[in-house]
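Peer 1: With chain R's structure known, arrange chains Y and X on it following the hints.
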Amino acid sequence: MEVYQLDDLTQLQQHLLVQHQLYQVIKNDDEQCAWQQQTKEANEPLIAMLPQSSAKNFFFAEHESLLIFNGDYFQETLPTPEPFVLFGVLSCDLTAISYQDKFFQDDPYYQARRKQCLLVGLDCIQPCQQGFCPTVDAGPGVRQHNADIILHPLANQQWLLITTNDKGAEAIKGLALTTSHWHLLTQRDLTLRQCEQDFPDHSYIINGIDKLNSGEIKDSFWQQLAVQCLGCSGCTTLCPTCSCYSTRSISVESEQNKVIKQERFWDSCLYESFQREASFHNPSSEAGKRVQRFWQHKFGNEFFTTFNRHGCVGCGRCEQTCPGVIGVHSVMKRITNDA
Amino acid sequence: MSASLIKTTCPFCGVGCGMYLKVNQHGQLLSVEPQQSHPISQGKLCDKGWSTAYAIDSYQRITQPLKRINKSFYPISWHEALTTIADELTAIIDESGSNTVGIISSARASNEDNYAAQKFARAVLKTNNIDHCARICHSPTVAGLKQSLGSGAMTNSAKDIFQTDLILVIGADPTENHSILGGHIMQAHAQGTELIVVDPRVTRLAKLTPMHLQLKLGSNIALINALLHVIIKEQWFDENFVKSRCQGFEQLVKHVKAITPESVESVTGVDAELIRATARAYSQAERAMIFYGMGITQYVSGTNNVISLANLALSCGHIGKAGTGVNPLRGQNNVQGACDMGCLPNVYPGYQAVAELVNQEKFSKAWGTEVAQPPGLTSLGMTKAAQSGDFRALLLFGEDPVVTDPDQNHVQSSLKNLDLLVVAELTMTETAKLADIILPAVSFAEKDGTFTNCERRVQKVNQALAPLAEAKGDWQWLQALAKQMGSQALNWQNSEEVFNEMASLTPAYQAMTYQKIADKSGLQWPCTKETPDGTAILHQQSFPIGKARFICVNQVDIDEPIDENYPLLLTTNRLHFHYGCGSMTRKSPLLERETPPGILFINPDDAKALHITHQAPVSVKSRRGYVETRAMLSDDVPIGIVAMPYHFKEAPSNQLTNTAQDPVTKMPELKACAVVVTALAKGIAPKTIQQLQEAQ
Amino acid sequence: MLNHIPDPIELVNYIDDGEQARHFQFRLLNIQKISEKSTVKSIDKHQWHNAKPGQFFMLNVPSIGEAAFTFTEPPNEQGEFRALIRQMGKLTRTLFTLPKGEVLGARGPFGRGWPLERIAQHNIIIIAGGCGLAPLVNLINNFTATKSRNLADNQQLVLIYGAQSKAAQLLTTERMRWQKQIKIYNTLDEVEHQYTLAENESQGTPVDCIDSALASFTRPVTIALLCGPESMMQSAAKRLVKSGLASKDIFLAIERRMHCAVGLCGHCYLNQHYVCKNGPTFSWQELQ
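If you read the sequences in order, they're chains R, Y and X.
Heads up, the first sequence is in this note's numbering, so the first residue is 72 and it goes up one at a time.
Heads up, the second sequence is in this note's numbering, so the first residue is 83 and it goes up one at a time.
Heads up, the third sequence is in this note's numbering, so the first residue is 44 and it goes up one at a time.
DEER-style ranges, computed between Cβ atoms:
(1) R/A226 <-> Y/Q273: 35 to 43 angstroms
(2) Y/Q775 <-> R/E147: 39 to 47 angstroms
(3) X/L141 <-> Y/Q273: 56 to 64 angstroms
Below are the DSBU-like pairs computed for lysine-lysine, each with C-alpha atoms no more than 30 angstroms apart in a straight line:
(4) Y/K289 <-> R/K282
(5) R/K360 <-> R/K289
(6) X/K133 <-> Y/K690
(7) R/K360 <-> Y/K669
(8) Y/K515 <-> X/K133
Keep in mind the hints are simulated off the structure, nothing from the lab.
Heads up, the beta-carbon is just placed ideally off N, CA and C, and yes, glycines get one too.
Excised from the complex, chain R in its bound form (with noise of 0.2 angstroms):
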């Protein structure tokens, strides 16, 4: 680990411009904010907002093609980026791609586009609206084994540069920088340890977390909770840990020959058809079985022991996206004060 002090942010960009494709976070007329693609000639200023959409799609592609079959064999289409940046990535969704860095470690598809990939983290100093990042463990700060490269706000426009590995370290060679001072660590911390006070009290999410995996709950209370599920998706496409997905053949005809694709594209587990199968036998026909197990899946610690951590990494997307007002907000409530 290597720390420096960077005086000029659009330095590191343009260093980073040179070998990589470089994306960001840009906020709209409407205040939307999305990752874009930055060319030289733009200068955006580095914002610690939290994209409505995460980075997720970056490596797991929404939809992508799998393969090819010719009439005689089966081909395999695996995508190859260009090596590219994302620039300011907020820790929450760092968490999240250590997440499913695991969850897709033999997938071949995720890995060719993972393995392009240069993650510069972006530490919050402020709470956001709907996170409580601090209560599941995957923020404010960037953990150190989540990025590359990690960015601290100093005061005066300045900024703290952390290198966490070779990666991180290979990437910033030949930009003049200036060492830091250790102190500027324990700064950080300081600031760190304070945004993590301002959060509100999230101790209903702890609650609810703890009540989720007591096996207390009755159907019932999912059943009622589910009645609110709308099966619209938006949360599982939103939410940055997601990852389930289904397959489709499509018959693509060019000029040349006819050729047969397949492709995966995301797909959501409170679909009630998610998991029917042929004969209409559906082991979760229920709404109430496919809500708790989407919290089930975040939050139990049977899930905890594989991934070392909850899958839930505390953006509260889900909240702000849910047109039925059942978001990790509401239910953990509803869970603390109902269930």
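Peer 2: Okay, now just chains Y and X, sitting in the frame of chain R:
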């Protein structure tokens, strides 16, 4: 991956949620993202909205004009398509007159497309034969509210859901059909707003409230009159409001005097005490708002049903203020706009009556050509006249009446009887299969324009993708066709010009511009010089007709009750994962997976008596038709009633539905008809209507 | 890295069995091609030669998609293998229309098969319902094959096979053959009134037969293998536990919708397990 985000309006349903289309550097639509700052949807979408990219995917789209020869379609050039259509139209008009041709426009298309369609009909074809699907969703709303209040639209706004004390949902299933508004209602209810649901089925909202009035099909007026009886008897009405803002209250008092809750118990099936409790809750609430849908309009008594809801709201003064009103939930993304644009046989844009000479002169002058004078035919009128050969050529876009209109067999044979049927569509539909010429249409993502949502909010639709192959926007091909027929009436340069011309002729839209719509996240009409920022709540000071009218209406029983041969009542419903004929939503592999192609909801007790198991194949027969489908056993439908969604071309409920009509608006009674249901042999898939018809 | 890519296979032959079910014979194409040209026996990126009873493969019907099926005979030296497939949904409906010689795809073998190491030397009761007999065919064949009779001395094997009706019964020839060496109870959910039940047939479900089947063993049963409708397996497992079997000795083969077969797509979840990866065979203990 990274993509540019283009802001637009969701193409499904009348809520009009804000979304971005994510387009990659190759100009391909990847997916959508909800717009967080949108005044209604606030970063939420329903499953249909999330599936938009599948719905308009280039896969399976029609990419060039097609001409039918016998049963096959062959690609032709636009030039050939347009000359063929123009020549045939001209020949038919010369031979039989302009009243034998017409247009059915689309509640899915933009205001600009709809404005162009009615102008094409009136100024180029010289006919008032212009209509669209509002006929079969909310024509009774327009007719009923116009009489009672003077304006046929939602009186209040979506945001009022969070400013009211009580929400009465009657004959509507908002969580399925207007999911985001349904979600708002759930949220408001969770925060303490009282919720009353009146519906024969146990809808999702009904499951959340103890106040569920599970009335019998078609007994709305009896129930509402009984509510009025209680409100008047207990002196719970708003005397001040009734005196100062309304007329005709005395007759209403007399009219409902004998209609006690007890007297309607057997007709409605609702307990008298529950009726009293509802009357008290609704009338005593500080602010109360009514939402209704097609469970009100799709009856032979549709117009009167709407009028009785207006009576209810007026009597309690629950109108003209925030958190109140009579609020129809309009089905399609732009059904409000298509009506506003005058795609109706009797009105010009802005509901200016065709029958009035001054309006004829206004439009003749504005359009620089003599407009048609004789009244036009409704869509059902056109198909009826086609049957007898009195109607010969139809241009149709963005609709699939073969699937969505009542009595499918009648529609099909009528359309086959036409000399010329032109259909502009995204994908091959059942109606398009009957066309002589099919024109490739662009999707909403490939055009600029505006949609008007159910709260009268005009919102921008922005082009995100280049038109697919040879596809054209609707006003653009209408323009080309007009030119081919020698008319310059549709010669606009861009959508904004169409909008500006329309706004100059439509009083409620007069102060709107594209720029202002974009800046204000949409504008709610009326938007005039006096109300330049639009109007969130109608009728605040007065009604367009001065004083609102109480109109006495009587219970009308459904047209086709059950009997020995047809012992079950069939009602129609919708599923939240599909939209209309399913031509868009069924292209999503996820939404398509959700149900088999065609289902019938049946109460487990009825199913048991008929030896029907869950997902088993069944037949459903009415006096008009026969379909095969799969049974879904559900306690959500009461004993004696079966429900069928109309999205599936394989098992269309409109094979079965009744054609009996509301005398005022010709709205067919789609919500109730008598059927017989029979179990089919297990293990064999139900036959599609196409297979059944081929077998005949 | 995981391999999502199927090997091409040829649909060699098929034979109808029961109602809307067929035995399909497939042949791996690349194995053959490679062995013709070189001494390397196969590229076998999918480890076909390691297939174990109870494991499954993903059949790819191009233009439709993939679905999971078990082997009734795993791939032999020539790359030939068999599966018993029932017509159910779109994929199988299409499969049943395909001519011999058609090129399809297959990936596999996947999952955890029957616990062979636990089975040896033990007395075994097998309870199967409907198509659920398919994953057990290979195993029972191994035990009953005349040439290499794998049943150890004193080792007993009893099969209870349930079907909806006489017409719906599958694997009749195989059962006739097995019957010479092992005891078989056949149950039928529905019996037509003219029909006279044979000696080893009874009306009811397999669970109804468990007591008498257990009584027929001379030494106590120690292992139970279950496959069929999930509700039937659950009742059977509970009954066996009541009769003294340890839940760790009862094994169930679970069926789920699957897209990837390698623990990624999420469809086949069962509590914290993925059936494709952690199953499809689970002990009753694991499922508690």
